[in-house]
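Keeping their order, the protein sequence lines are chains Z and R. Adding 16 to a residue's 1-based position in the first sequence gives its number in this note's numbering. Adding 20 to a residue's 1-based position in the second sequence gives its number in this note's numbering.
For the record, the hints were derived by calculation from the structure and aren't laboratory data. Hints are supplied without guarantee of correctness; some may be wrong.
Straight-line distance between alpha carbons at most 27 Å, and here's what the computed DSS-like set of lysine-lysine pairs gives [what the hints assert, rightly or not]:
#1 Z/K122 to R/K128
#2 Z/K203 to Z/K133
#3 Z/K274 to Z/K203
#4 Z/K287 to Z/K274
#5 R/K128 to Z/K133
#6 Z/K122 to Z/K133
Label-pair ranges, simulated between beta-carbon atoms [to be verified]:
#7 R/A191 to Z/S202: 18 to 24 Å
#8 Z/R205 to R/Y274: 33 to 39 Å
#9 Z/R101 to R/R202: 16 to 22 Å
Remember, predicted model here, so these are calculated numbers, not experimental data. Each residue gets a CB set at the ideal place from its N, CA and C atoms; glycine is no exception.
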Amino acid sequence: MRSVASAPATAANGAVTVDAVGKVYGETMVALEDCSLEIAAGEFLALVGPSGCGKSTLLNILAGFDHPTRGTVTLDGALLASADRAAHPGPDRIVVFQEGALFPWKTVLDNVTYGLKVQRQTAPEEARARALDMLARCGGLDRVAHQFPGQISSGMQRRVELVRALINDPRMLLLDEPFRAMDTVSKGRMHQHLLDIHAQFPKTVFFITHDLEEAILLADTVAVMTTRPGRIRSRVAVDLPRPRHARMIASERFVALKEQLIAAVHEEAQKAFERGERELA
Amino acid sequence: MALRGGGGQSSMLSAIVNRRVGLMVFGFAAAFVLWYASVNWLPFPAFRRLPDPAGVLQEWLSRDPAYGISVFTADYYVHILYSTYRATTAFALAVVLGVPLGIMMGWKKTVREYSDALLTLLRPIPPLAWVPLAILLFPGTEPAVIFVVFLVAFYATTLNTWVGVRAIDVAYFRAALCLGARPVDVLRDVIIPGAMPSIFTGLQIAMGAAWFSLVAGEMIAARYGLGYVIWEAYNLIQYPTIVIGMVTLGFVGYVCSALIRVAGDRLMRWHQKNIGAVRG
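Can you make the complete structure from the sequences, with help from the hints?
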């Protein structure tokens with residue numbers, strides 16, 4: 017929709033192909049099986065599915081924390097991971113974690129400049145200037161630049177973590193239920209913030225969630241995963257116009273999309289429930 | 021808002037401090053009364069031989085102490101210096117060797133496999149059991165005593181450092197790798213700062229354990245030091261001096277632990293504030 021204009025042949029901008037990926041833990045624990053998924057450059061994809069279906073496993077494979085036992089993953093045409101080639105985590109694919117992973121022992125500013133520092137490409141002064149600028153552009157966060165993460169609210173921590181990722185100009189952002197632990201009001205604010213950020217920095221986003229409304233409100237595409245072993249069961253294109261707003265939740269189109277997704281997810285959840293399987297972390 | 025918050029905080033703080041000081045004074049007073057009562061009033065014959073608080077204080081502050089040890093004698097400070105020298109030397113050795121080993125154990129699996137079982141087996145051996153072997157191994161009592169004290173402090177530092185590294189949330193490692201950190205960056209920016217609170221807990225324990233085992237070592241194998249003072253005073257029936265030695269030990273040990281705490285708070289500003297902040 018928004019990102020069709022880019023030139024995929026030359027620009028490295030975050031088109032992902034997951035092709036027939038399987039992941040078996042130990043001998044018998046099949047987390048993913050024949051899982052295929054296309055994410056276009058700049059696309060915001062939300063992945064929903066029952067608990068323990070393998071969403072986080074797929075994220076870990078994309079991030080390079082884990083490797084597939086079958087199939088391949090490519091990023092902008094280049095092989096990222098396959099059964100005999102684990103991807104390494106790196107600043108082209110940055111994860112924002114469920115519980116938040118700002119380093120509590122570094123100030124907000126040192127957290128944000130950390131990627132630039134360890135990649136050793138940017139002079140410290142320039143890194144600082146860019147970080148302050150970016151913090152300022154993402155909702156005036158520069159005013160907490162010299163605080164420690166433990167001194168600011170969890171919503172603010174999450175926003176700082178997004179800045180820490182974006183400053184590295186990654187090809188894709190991987191978000192693992194980043195707003196799960198938040199109350200409804202903070203969550204609503206974070207949604208609006210993420211929509212603004214995504215409009216400002218149109219990166220490919222891989223967003224895991226349990227919350228269907230959140231998925232529809234934020235994403236271009238919602239992919240539904242089956243119960244374990246996880247595969248992509250269906251994709252729903254969210255044809256709501258951008259800029260999005262929380263008021264859209266009441267619109268007819270939104271409700272129709274939600275019904276469509278509920279049917280798909282609940283069928284899978286029911287299967288998982290009946291089998292009573294242990295959840296996979 | 022910040023101003024009002026600050027004022028409220030400081031008056032609350034002073035109320036807490038006043039309360040704490042009050043309770044502390046009360047605790048000391050109660051202990052002294054109990055001590056005095058058990059020596060002078062209560063029907064425990066064994067206690068009659070002990071000095072009461074006034075007797076100890078008189079000896080301690082005397083310009084001409086009956087048994088040779090008071091704040092006005094040079095010997096008193098020689099003993100304190102000897103003990104402090106042994107405890108801090110052993111402690112420093114334990115830190116220099118134990119913290120890096122603990123970090124390597126948490127970081128590299130092979131190091132852990134070499135050392136884990138060994139440490140687990142050696143640790144339960146009480147410090148006193150090492151004294152004969154230490155005397156045989158080292159020429160002279162000084163290195164022997166320091167060795168025994170070092171061993172105890174070393175276990176505490178190593179194991180707490182290792183526990184600290186193991187307790188670091190895996191998300192921090194992953195976040196660092198995502199951002200492009202190399203192994204040496206992970207060591208410097210995740211492992212060391214992440215383990216720091218636990219390392220300092222280990223240092224506190226190590227310092228306590230160092231004094232604990234030091235006294236045992238000094239009682240058996242030394243000519244100077246507070247442990248020697250206590251044991252010698254017992255042998256020579258100089259009861260007030262026993263108590264002077266004990267109270268001095270408590271005080272010096274407390275100062276050492278407090279110095280570590282202050283150093284830790286300075287190094288880990290983030291940790292302090294983290295605890296202070298209202299969470300969730």
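Now for the hints, and whether the structure bears them out:
The straight-line distance between the Cα atoms of Z/K122 and R/K128 is roughly 24 Å, inside the 27 Å bound, and the hint therefore holds. Restraint check for Z/K203 and Z/K133: the C-alpha separation of about 31 Å exceeds 27 Å, so the hint is violated. Annotation: proposed proximity of Z/K274 to Z/K203 holds, straight-line Cα distance about 19 Å (limit 27 Å). Taken as a hint, the Z/K287 and Z/K274 pair is honoured in the structure, with Cα atoms around 20 Å apart against an allowance of 27 Å.
Between R/K128 and Z/K133 the alpha-carbon distance is near 25 Å, which keeps this suggested pair within the 27 Å criterion. Proximity of Z/K122 to Z/K133 is assessed by CA-CA distance (about 13 Å); at most 27 Å being required, the pair is judged to hold. Distance hint check for R/A191 and Z/S202: the Cβ-Cβ separation is about 20 Å, which falls inside the suggested range of 18 to 24 Å. Roughly 49 Å separates the CB atoms of Z/R205 and R/Y274, a value that falls outside the hinted 33 to 39 Å.
Z/R101 and R/R202 have their C-beta atoms about 20 Å apart, which keeps the hinted 16 to 22 Å range intact.
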